[in-house]
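Chains as they are written, first to last, in our numbering: chain A, 1010 to 1137; chain B, 163 to 309; chain C, 2 to 261; chain D, 88 to 751.
Derived from the structure by calculation, the hints contain no laboratory data.
From the three backbone atoms N, C-alpha and C, an ideal C-beta is built for every residue, glycine too.
Any given hint might turn out to be false.
Claimed, not checked - Covered stretches of chain A (chain D as the covering partner; in silico rule of three or more C-beta atoms under 8 Å from a C-beta of chain D):
{"hint": "1", "region": "1044-1051"}
{"hint": "2", "region": "1091-1099"}
{"hint": "3", "region": "1102-1116"}
Stated by the list, open to error - Between beta-carbon pairs, the in silico distance windows are:
{"hint": "4", "chain 1": "C", "residue 1": "Ala-163", "chain 2": "D", "residue 2": "Ser-729", "range": "24 to 32 Å"}
{"hint": "5", "chain 1": "D", "residue 1": "Asp-569", "chain 2": "C", "residue 2": "Asp-127", "range": "42 to 50 Å"}
{"hint": "6", "chain 1": "D", "residue 1": "Lys-308", "chain 2": "B", "residue 2": "Asn-196", "range": "35 to 43 Å"}
{"hint": "7", "chain 1": "D", "residue 1": "Lys-308", "chain 2": "B", "residue 2": "His-234", "range": "52 to 60 Å"}
{"hint": "8", "chain 1": "C", "residue 1": "Ala-93", "chain 2": "D", "residue 2": "Lys-308", "range": "24 to 32 Å"}
{"hint": "9", "chain 1": "A", "residue 1": "Lys-1028", "chain 2": "C", "residue 2": "Ile-260", "range": "51 to 59 Å"}
{"hint": "10", "chain 1": "B", "residue 1": "His-234", "chain 2": "D", "residue 2": "Ser-134", "range": "37 to 45 Å"}
{"hint": "11", "chain 1": "A", "residue 1": "Glu-1107", "chain 2": "B", "residue 2": "Glu-290", "range": "52 to 60 Å"}
Given next are the chains, with one letter for each unit.
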Amino acid sequence: MENNNLREQILFTANADPKKCMKCGKCSGACPNYDEMEYHPHQFVSMVQNGDIEPLLKSESLYLCLTCMVCVERCPRNVQPARFIEAVRLAKIRQQGENRLTPQQIPAKIEEDTPQQLLVSAFRKYTK
Amino acid sequence: MQVKNENWKPLIVAFCCNWCSYAGADLAGTNRLNYPADVKIIRVPCSCRVNPMFILRAFQRGADGVIVCGCHPGDCHYTSGNYYARRRMTLLFSMLDYLGIEKGRTRVEWVSAAEGQKFAETMNSFVETITSLGENKRLEDLRCKTE
Amino acid sequence: MEFLYYPGCTLKNKAKDLDLYARRTAEALGVTLTELPEWQCCGGVYPLGRDEIATKLSSVRNLIAARDAGRDLVTVCAACHNVVKQVNHDMATDDYIRTRVNNYLQPETPYEGETQVLHLLEVLRDKVGFDAIREKVVKPLTGRKIGAYYGCLLLRPSKVLAFDDPENPTIIEDFLRALGAEPVIYAQRNECCGAYAAIENENVPKKRAGAVLSNAKANGAEELVTACPLCMYNLKKQADGTGVKVTYFTELLAEALDIR
Amino acid sequence: MQRIGVFVCWCGSNIAGTVDVKKVAETLGHEPGVVFSTDYQYMCSQSGQDLVKDSIRTYNLTGVVICSCSPRMHENTFRKAAASVGLNPYMVEIANIREQVSWIHKDMETATEKAIILGRAAIAKVHLNAPLIAGETPVTKRALVIGGGIAGIQTALDIAEAGFEVDIVEKSPTIGGKMAQIDKTFPTLDCAACILTPKMVEASQQENINIYAFSEVDEVKGFVGNFTVKIRRKARYVKEELCTGCGLCTEKCPQKKVPDEFNLGLSNRRAIYIPFAQAVPKVATIDPNYCTMLKTGKCGVCSKVCGVKAIDYTQKDEIVERKYGAIVVATGFEPIKVDKFEEFAYAQSPDVVTSLEYERLMNAAGPTGGTLLRPSDKTHPHTIVFVQCVGSRCDEKSEKGKPYCSKVCCMYTAKHAMLTREKYPDTEVYVFYIDVRTPGKNFDEFYRRAVEHYGVHYVKGMVGKVTPENGKLKVQASDLLDNRQLHIDADMVVLAAAIEPDKSARPLATMLTASMDTNDFFTEAHPKLRPVESPTAGVFLSGMCQGPKDIPETVSQASACAAKVIGLLVKDKLVGNPCVAHSDEMMCNGCSQCQNVCPYGAITYTEKEFRMPDRTTAVRRVAQVNPAVCQGCGACTVTCPSGAMDLFGFSNNQIMAEVDAICK
């Protein structure tokens, strides 16, 4: 249970209660991007609860959650796993120099029909 | 300013429901758990039998604190009596507070028949609170004074 | 019927059809959509963190403007709808967020979520009525097998969006029936298309939108309809060469009303 | 003025060690009204009781105060002693100077002082005591059982065996309930019909049992021992007394497209039908929603083919009024609708079924004759996925599911999995579970057998999505122990839907003034010590209506319930608790507040004529307490705005007198 401050901060940002989880795994059963992720929705809930946050901060999984809210919707206990993933992701990108996407990278990514919505959303999710 | 009465001992009336709290008080006795003699218990069938009138009367007659004890929510022998008591006492206590009888002088506690320990602890802490609040003069009816 | 209309960034550029036909069809159905003056971008995704205050401000500005104008706010883009509606819910229910946002924006009257946020589909269903639309259809889409693609943003979280049953929605199917088309129900219609992962990992939308398309096709869909420009982008990429056409719901409506 | 005797007990040294008993007796002897005061070593001993009795006679006492242990200990002892010498037992009060004084205080002076105060309070109360006589009411020696499932049948049989009449009211055309639909029962795997149908027959043949099938309870009046119930016998359009159950009409009826509810819509029946072969009573019923004759007036085939002229298209609902001494609620359960869980694609694919539907698909008397065929294309399924906890164990605020564990799903799913593997060893069976809960005799062994002998794949995880595609059900699920997501192409998916109380239970609870919990399960009088009685006297609970149960538990509870009913019916008269509420009609303003707070429905209102001071008469609405129903909680006494309601034994004045005595 090291890193108690970070854990408290993440719990506050998430505004959800990991203790409500009954470890059924429906979130991870429903997750559409499960196979791409190293840590899965139910692990975020459990690891945040246990204060085991460092591995999550280092993981690519933070950027692979699509915020589709399917885990929130189908959770029988209203645990809202997506909020824990988001809170850990925020904890990461709020650190100095942890922006994942810079404006300089953008021109190369734009195709003719790339919607503005994609760029705006990506900036929201990948930068401070 | 109020003159401090050196010999003052708090006078506390406790209404206990027959099924849970009175039995809890009995258990406290059986286990020889001490609490001050200032507490005097009146047995009622259910906490919902406690008429606000009884509490007003107690304060009028010089009680310094009144505590109502009943079964835990959901455990009432009569199904819902303690819920009635809780609602009534909430109203009464805020009215008493308005009249100047501090919230600390009134209390509702749930004590089961198995909680002798809790009964004694509750009474000890209540007496402590009342002792620190001091003598209650606010609602006392001077005509009731015997001296 | 008059509403304030919040188009959002993409509808002014890459999703012009979604915007154009929303306005035209609304007019044809007797609904006046007045564009919210000086609207601000919603940010594309709802800032889920409770302490994300700054990212919620633009949505609140739009909401305050609508409240002050005394009208309901209508959105067309599924993402805008999701963000604005969720922020509105926060302002109505979360003391922490409400206090901080109001402290920052200092509106004349503190904002407490008074504005009603509606998606155009809800306006069509609840205010205009699908029966009324059916009567105005001049070129029914008879025989066309169309799968409704809801995606995530219109439906979830259902407690806040209260748009339709999140697992068994019917609104777009009912809409399609009103236009004379034959709706195709398929299980993947409320699963994610891959969303913003498209910016750095093409595999994600490929897999996700691919699964949606193949499930829709397997159940007999020849076309897909959506309300979200990003879903459109991801689906279209995978639909190339499959013969499945993807359109916005407003385009279909315009077609049926013969104002395209 | 009362003539009061005070008796201070030493309890050996228990009291006398800390309390100066002599001083207490002396001081209390000077209280007004006290004509005799004494102390004794063991007041509860025979000689102590004799001392009390002798003094009552000698001093002509009208009230007695015993300063001793807790009234919960010996109140009854002293009341009996008083009664034996002709003093009303309710003229005895106890001052608790052991548990509340001697055992908790060490200082003799303080303890003695407190003992005196408690004695004074008891004396003050006795001054206001009045003799109370417990009321007696006769008992109607007949029981009503509402619900004819295995719970109701078992309770009825046990009561009938003891020699009492029982009526069973069942809302569907036959008794048997959910158990009749079940194929096999865990953990012994004996066939449900083989053990249930003999009981159904026994119930129909038992002289003391009268079955009102296709009937509902319309109204309940009265109280313990004396209920009057109106039973609505719904129109079957078939004369029950004439119909022989030959079934010819059900074969000839031209309306063939009626979903068969007994098979949960997996097959069709006719508009005139007998639910299943072993139905009791075996009588045909016409479904007015589908019968062409009843809808259009043209047809009449059933009437033509009926050899005994039992068909009656003009039949109307009939109301029967019956009297009962006890009512048993055995309304049972139903599985929840799974329409809020469309991630499992129940509405999209006929191959996604609930467990009860699977039960019918496995049953030899079911729509497939016991051959397991998937509903969509009638082919044999090779991969079956079972999903546990669909709608059970949800968040309390969930709008979709229930917060409780449905208790039976783990076991019946293990049963389904096992039976499937046994009959069709080529079928792969997956069970997704959160926890496998198998407390019960031979239960865990049963589940382990499913895993170890039958090779059922138990996966710790949950299904997140079912996608019907190209004739398969693509199941996406988590496997938490292997930390992977599984993708299974299944042929069938079986949902273990949560159970909930039958919908008819809620209105029934209102009629019976029996309380329910937030999930609409009936509340028991005490969760541990009175589990088969409702808090409403004379109302008993049997089976699932009280909470999730399996068949063995249901049957034990049903028999326990019968024992309680028999214990009531065997009495000729009921002696009540005289400490009940009573209303002063002159003060009552008819506001109904007492009626609203009464948890027992003991208070009713009547219009009553009063002579007014000016010699005219006026009709006023006044409260009346039924002393046989009142339990004496006193909720009404406090809520009464005019002070008309009071409680015998704990009256306003009595408690007030105690307060005054303490606060002196």
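Hint by hint, here is what the structure shows:
1. 1044-1051: Since 3 is at least three, the answer is holds.
2. 1091-1099: violated (count 0)
3. 1102-1116: violated (count 0)
4. C:Ala-163 <-> D:Ser-729: 24 to 32 Å: 48 Å, violated
5. D:Asp-569 <-> C:Asp-127: 42 to 50 Å: Given about 47 Å between the Cβ atoms, the range holds.
6. D:Lys-308 <-> B:Asn-196: 35 to 43 Å: 53 Å, violated
7. D:Lys-308 <-> B:His-234: 52 to 60 Å: Once the Cβ atoms are compared, 34 Å apart, the range 52 to 60 Å for B:His-234 and D:Lys-308 is violated.
8. C:Ala-93 <-> D:Lys-308: 24 to 32 Å: Cβ of C:Ala-93 to Cβ of D:Lys-308: about 48 Å, so the range 24 to 32 Å is violated.
9. A:Lys-1028 <-> C:Ile-260: 51 to 59 Å: 55 Å, holds
10. B:His-234 <-> D:Ser-134: 37 to 45 Å: 42 Å, holds
11. A:Glu-1107 <-> B:Glu-290: 52 to 60 Å: 53 Å, holds
Violated hints, listed in ascending order, are 2, 3, 4, 6, 7, 8; each of the other numbered hints is respected by the structure.
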